[in-house]
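J.: Residue-level listing of the chains:
Number of protein chains: 4
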Amino acid sequence: MPKTSRNKSFKIPKTMKAWVLGDPKELKLTQKPVPEPGAAEVLVRVDAVAICATDVEIIANGPPAMIEGGMPFNKNFTPGHEYMGTVVKLGSGVDEFKIGQRVTVEVHAGCGRCERCREGMYTACLNYGMNYGDKNKGHRANGFTTDGAFAEYAVNHINTLIPVPDQMSDAEATLVVTAGTAMYGLDAMGGLIAGKRLVVTGPGAIGLLGVAVGKALGAQPVILTGTRDNRLKLGKKLGADFVVNVRKENPVEAVRRITGGKGVHYVLECSGAPNALNEAAQMVNRGGRICLAGFPHEPVQVDLGNIVRNNIYVYGIRGEGKSATHRAMAFMEQRRFDATLIHTHTFSFKELPNAIKYARERIEDAIKVVVKMK
Amino acid sequence: MPKTSRNKSFKIPKTMKAWVLGDPKELKLTQKPVPEPGAAEVLVRVDAVAICATDVEIIANGPPAMIEGGMPFNKNFTPGHEYMGTVVKLGSGVDEFKIGQRVTVEVHAGCGRCERCREGMYTACLNYGMNYGDKNKGHRANGFTTDGAFAEYAVNHINTLIPVPDQMSDAEATLVVTAGTAMYGLDAMGGLIAGKRLVVTGPGAIGLLGVAVGKALGAQPVILTGTRDNRLKLGKKLGADFVVNVRKENPVEAVRRITGGKGVHYVLECSGAPNALNEAAQMVNRGGRICLAGFPHEPVQVDLGNIVRNNIYVYGIRGEGKSATHRAMAFMEQRRFDATLIHTHTFSFKELPNAIKYARERIEDAIKVVVKMK
Amino acid sequence: MPKTSRNKSFKIPKTMKAWVLGDPKELKLTQKPVPEPGAAEVLVRVDAVAICATDVEIIANGPPAMIEGGMPFNKNFTPGHEYMGTVVKLGSGVDEFKIGQRVTVEVHAGCGRCERCREGMYTACLNYGMNYGDKNKGHRANGFTTDGAFAEYAVNHINTLIPVPDQMSDAEATLVVTAGTAMYGLDAMGGLIAGKRLVVTGPGAIGLLGVAVGKALGAQPVILTGTRDNRLKLGKKLGADFVVNVRKENPVEAVRRITGGKGVHYVLECSGAPNALNEAAQMVNRGGRICLAGFPHEPVQVDLGNIVRNNIYVYGIRGEGKSATHRAMAFMEQRRFDATLIHTHTFSFKELPNAIKYARERIEDAIKVVVKMK
Amino acid sequence: MPKTSRNKSFKIPKTMKAWVLGDPKELKLTQKPVPEPGAAEVLVRVDAVAICATDVEIIANGPPAMIEGGMPFNKNFTPGHEYMGTVVKLGSGVDEFKIGQRVTVEVHAGCGRCERCREGMYTACLNYGMNYGDKNKGHRANGFTTDGAFAEYAVNHINTLIPVPDQMSDAEATLVVTAGTAMYGLDAMGGLIAGKRLVVTGPGAIGLLGVAVGKALGAQPVILTGTRDNRLKLGKKLGADFVVNVRKENPVEAVRRITGGKGVHYVLECSGAPNALNEAAQMVNRGGRICLAGFPHEPVQVDLGNIVRNNIYVYGIRGEGKSATHRAMAFMEQRRFDATLIHTHTFSFKELPNAIKYARERIEDAIKVVVKMK
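Protein chains in written order, with my numbering: chain X, 1 to 374; chain G, 375 to 748; chain L, 749 to 1122; chain P, 1123 to 1496.
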């Protein structure tokens, strides 16, 4: 059982081991200076980090921000964004956290000065990626635009930190940002979920925890659709009242059947499948709402007429905004669901490439692969 | 100048002249019983009715509800939904309106008993079209599912009525529902429009009044895109600060140029063009919002990744919900803009087929063609 | 265990036993005609009814609507609004419910035609009490403005009906409207409760279920304040993390202590105590929100400066709007909390005056007293 | 006509003239170092500053933050918060503004790291006043907790800056924050104002611009109540459809009369009168909303029962949040109303104590007294 050792002092080395991007698809272990936390920042000793599908993409193709612009991507970049650890050093002005405190993180620290940040939409920060040179606006998205957690230490803005309760394991704490993304999706659709009919499409990590969070919020029924029975079975354990294997049954018809022809109020789309939006728009009733937490890599055919005629709202979300991670953590702390059910594999820091391989190739049906530092 | 003659009594005949659907694309003048208003309904003597693109479609293909189900469509159906007139008879329990009062109408009278109506979303009524036989739930959408105003009289639920001020002409009053649809689109995107950058795509009737309403609400700048210079010119008269002819300039680049690279906060999409949503998603800044008031008739390629990565929300709207017509009427009564600029042609009741031909074929660049009953 | 016997037909007598108001504070058993359900209405055979503090007031002073106007109050009026029963007859056009179906009720059936009803705020219906004579707008609030359930049968608009699951007892089902009122209060404050700090003041029936609903939604911590230790103890069983006896400790200081000086995000005020709003405004942090579900009978001293300087929002709620009862029922159906803990006493229909006496005088610390019809 | 001279460089002295607090009620002219802008800040050369009633209070009693805690108030503090000027120096990382650009300011720069700032509620910053010593969280409220503009120069966080269009005079630009406060009040109540009935109580500066902003947003009618006919007359020029002198007519009855007994949807309370909230709660219809922009200095008797029974929401606001100043500026730039009508007197920098005397004693019915620096 992990323990918090607050106010203890930590000996921080000058350099640290860190995995960095090399040539496309290459991740190399190197030695880097331990970074310094600035104002409103802390230094986190990374204790555990989970592998996300986006990590796999970043290793293959570079961070998305390279294309979106602003970021001086280079081969020394360290990915890794689903992590937790221990606060070991406080930047100036920080008394919100203590040395020795266990924390987990969300990804986005907005610039705090653009129009979106000022209205609380920090995951839509207009200065995304602007943390360098004369364009330094203070935005951070560790593992995307600033160095992440495939390393021994990482600097975090305090806005990204969520305290971890003593009784929660390191591995479980790495899953908070995933649950928080699902929570944010439900919030975006209005947040009044109790008693509403909910479909979650796609039993990946976000979809599975979307089932759990939706159920915790009182959705009734929760229906999960997917292609693999073992994933769907896991969905049932996490709270799905019904599961639909889309290889065996038309999911739209199944939803209509389960709901007595009424359809559902909300769809949380996590599959990224080409026809997912069209199907979602047929699953919801008139006036229903759809959150896109996943997306297909190519443009797809969409029947917009169906969306307009039925007064459907579609919410694209980028990550885990509006402190939804804190709300997700509350559910996890209260043991409303067992997020660790999606944690399938554990590797050591040295084995990180292997961890990524497991995640990428879904070896042994890996869902969440967690790397523990010690 | 029209005058209100309240509390006057009206002699109501037993039968009336009415245009009805015949064979596809056929509209026939016939004689029908004057309908009786029920509880919470009034009988309206139609004084003027505008032609909408949807009327043209209904005459060609039948009402959309035929396909969506529930409605016992037959060849005696009377279209026409953008109308105003005079209250000539009150159903039981009605004291909200007076005999002789001039009123204009919105389309949707929800059933008042489904989940959507109970939450105020009556344009997304789950009992759409259910006004017949043992499925009579009291929903009405005159001109779509219940008889409309290509006739001398029409029955209206009082929820659809908007009082017309004395100084407003009959023709102008027929345009309120169009302005109300634009208002609803802006409301759906959040409603706080003053000082925000707005693009309206498509200078049809809704788009042109969308410009006017957006400007009245204080949008800055208002940018209108379209293919025809004379329409764009009209948009300028209605309040557009900038117009972009998409035949001459890439509209996304134009919007970026006009806004100094920032993009806009809101796009009100009224063109129904195949690439409109993709372009809108490139016009808005990160976290921006798009309302689809129009739509392409076929499924189209949509880059959902762009929508998700940029946290964009897309609102499909069906008509003019949440009493936005009343809010639009307030602006028109206050003379914030001159809606009559889009009223281009006037015909008599007998000439209704000709009015429709003008609207359908855009003869003499017809925008709003109004039929006046007397 | 109650069972549903759907589609069974019921023999309905012409007259029924009903308790009616007599002289002030008098309730008389009489015989009345069984009412007829109209369009969109059903006849409910009352199976159980709980006693509310408002019933006690109505018996003492007449229904509040007498003062607020509109209602032709007379001595034949039947109170009782927290009830459940069996659908025994369908009004015209009703297929949403079936003969034999068990249902519980919420109080308000809005007129469906005023501005508030049209925006979904049916508990703020502008035609409150208008169900009589030439002012009949169709509003119903059974037990307040239309006959209630201290009788064998009652007519209900279908909008007030919530299906009762088979496994739920009659007595528990009478508590849904109480839980729904608490849910509505939390919804009014924004509805995103998970992970937020919540105080509930006043461990009456609404307050106690407010604790339960708040906890089910994930509030953390939930703090309950009150004057009686046995009630507070019950609050703990229903989910309170902390309880404060205001006779023993200053509640504002206690809340500050429990929250480490931060205060809470939300206060659900259910005590109606004279200083409750001032204390609530000191319990919330800057930007916090307060819902007033109770109120003192006389005007009280309020420090508005504190409310303004701290950007506090105060939500007065009348009952259980926006279908929050359905959302509360979902939690009860899912067994998120045991509402029956507040059900303390049971009486027969004949003993109704005694039931009221128990409720009024809190005999044996009565909380919810339930009258069962058979 | 003022002109912008962008990118021009400015010679900045080391010291500046500044008025500072002395003994209670004393304001002394002294010489101070010109402050240095930090990251995300600029140095503003003050060109004009308006006197607010709060300035008068601060001079008499010290800043409110002294009591609320956190601020190391001392006698060298410079008040003044309604100002505009010219950007003369950029802090590090600032390219959002240019040297030579004219700007006006809002008061609150939130810390950007507390829960409220993270959700966009920066005027409810939980680190209010924390800009000193080891409690420096970066919050600024110039003129309240950090030095203000009764001086030649002031440092501003860029979040507080609003660009001033060339055609707007310096004096008019000082009024933006006042209009922005009124706008924020209307936003807080829902923001959909067009076509809604609005009462503004109290024709002080915020109330008068509340009338103007409400009218610009399309409220219909706008009713202004107050005690002085000349102020009410000014209200009519700014857009009030009706004015009520509360010395001559009961304002609740007047509002009921004007609205045909319906009452209004919204009250923007700017008088701070002891009975204002009770009257407002009688002016609104059931379900109506009230914003408290002013407040009485002592606790007052409030009839909470009326608020609860009528489902009324009450919004306390502290200043001008959610960038409402930018939205107000858009209306002023668009010449929707003439804010300068409330600018009654002008003084030079040296005459500042006289300016304050005029404001405090309302000499010659002073409303907004503006001090121009040159």
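Hints were generated in silico from the structure; no laboratory data involved. Be a bit skeptical, because a hint or two may be false.
Here are the simulated DSSO-like pairs of lysine-lysine, each with C-alpha atoms no more than 30 Å apart in a straight line [said to hold, decoys possible]:
# : chain 1 : residue 1 : chain 2 : residue 2
1 : L       : 1010      : G       : 509
2 : G       : 449       : G       : 402
3 : L       : 883       : G       : 463
4 : L       : 762       : L       : 780
5 : L       : 1010      : P       : 1257
6 : L       : 883       : G       : 509
7 : L       : 984       : G       : 509
J.: Of the hints stated earlier, which fail here?
T.: 1 and 7
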